[in-house]
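S.K.: Sequence:
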Amino acid sequence: MGLLSLDPAEWIEADADYPAQLALKEELLATRHDAVFQALPGTEAAQAEVLALLAHHLPARFPDRFRRAGNALHSLADDRRIALDDSGRAPLDIAGRLVQEDLCLMRAGPEGYELVAASLCFPASWRLADKIGRPMLAIHAPVPGYAEKLGKPVDRFFGFLKADKPVWRFNWSLPDNDRLFSPTGHGRAAHDPEITAENIGQRVFIRVERQTLRRLPASGDILFTIRTYLDRLDRLEPFPPLARALLGAVGDLTPGMTRYKSIQPFRAALEEYLTRVGGA
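With the working numbering as the guide, the letters of the sequence shown map in order to residues 1 to 280.
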């Protein structure tokens, strides 16, 4: 799982991409709301708990970016005023409009922890409608080896996660597009002759997810956050050690995981490119 302890002060990240990413979130929520927001009945209190945590955390952690103004939060980076008590929106919907992170609420159920609510504007090859209400094992059914190797350990970890012990991890993928909203794309295996070792740095992107998990103290549910970073692969060129590390990670993938991550269409070009950039 690769989980590390998380300093609560570092729970949320904000950077120069905030205005553009929040504008994209607002657009998606306006035009494709059901595709990017879902919540099951009975989750309202836990959603409100998430919103309250963010409304407290953001002005304290980023006083130059957020200012509390009564029942609203003023985002200084893009000059938005977000009403925290908007009765026309679900609390988690409001919360998702405050941060670059996607927010997923997990609740214990008869078959393990289930996805019961989410503001998910930047999915990496999965559709919220396919996952809402489903337990972890079903959610991760397409992931090679998950059921055999990770299903039970993940369920145990979720059961023991403490409210004062949040954790984080990274996940990565190599899409051939720079779309943050990317609900499809896993499992492509056909060779792509248009991607070569000479142009792959411009044609393929490195997508990194910074994921956090924290137990909500009042509801007992778990909040899973996903902060997505997306850059062209050639951003690695000034950093040979990172290119070598990625080359090693690609080499460690099983054939099934290579197909799942849709790396197979350009794997040979990728390895040649990373070998050259890394000086390996």
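Bear in mind the hints are in silico, worked out from the structure with no lab data behind them. None of the values given here were measured: they were computed from a predicted structure. Glycine included, every Cβ here is placed at the ideal spot set by N, Cα and C. Hints may contain errors.
[What the hints assert, rightly or not] Distance windows between CB atoms, simulated:
{"no.": "1", "residue 1": "Arg80", "residue 2": "Tyr229", "range": "50 to 56 Å"}
{"no.": "2", "residue 1": "Asp64", "residue 2": "Gly248", "range": "24 to 30 Å"}
{"no.": "3", "residue 1": "Asp85", "residue 2": "Pro238", "range": "42 to 48 Å"}
{"no.": "4", "residue 1": "Pro238", "residue 2": "His33", "range": "36 to 42 Å"}
{"no.": "5", "residue 1": "Phe239", "residue 2": "Asp64", "range": "25 to 31 Å"}
{"no.": "6", "residue 1": "Gly248", "residue 2": "His56", "range": "39 to 45 Å"}
{"no.": "7", "residue 1": "Glu10", "residue 2": "Arg232", "range": "37 to 43 Å"}
{"no.": "8", "residue 1": "Glu13", "residue 2": "Lys152", "range": "38 to 44 Å"}
S.K.: Take the hints in turn and mark each one as holding or not.
M.R.: The hints, checked one at a time:
Distance hint for Arg80 and Tyr229: a CB-CB separation of about 22 Å, inconsistent with the stated range 50 to 56 Å. For the pair Asp64 and Gly248, the supplied restraint of 24 to 30 Å is violated, since their beta-carbon distance comes to about 38 Å. In this structure the hint that Asp85 and Pro238 lie 42 to 48 Å apart at CB holds, the actual value being about 47 Å. Separated by about 40 Å at the C-beta atoms, Pro238 and His33 satisfy the suggested range of 36 to 42 Å.
A C-beta distance of roughly 29 Å is found between Phe239 and Asp64, which places it inside the suggested range of 25 to 31 Å. The hint said 39 to 45 Å for the Cβ distance between Gly248 and His56, and at roughly 41 Å that hint holds. Remark: the range hint 37 to 43 Å for Glu10 to Arg232 is contradicted by a beta-carbon distance near 26 Å. Checked against the given bound of 38 to 44 Å, the beta carbons of Glu13 and Lys152, roughly 31 Å apart, lie outside it.
When held up to the earlier numbered hints, the structure conflicts with 1, 2, 7, 8 and fits the remainder.
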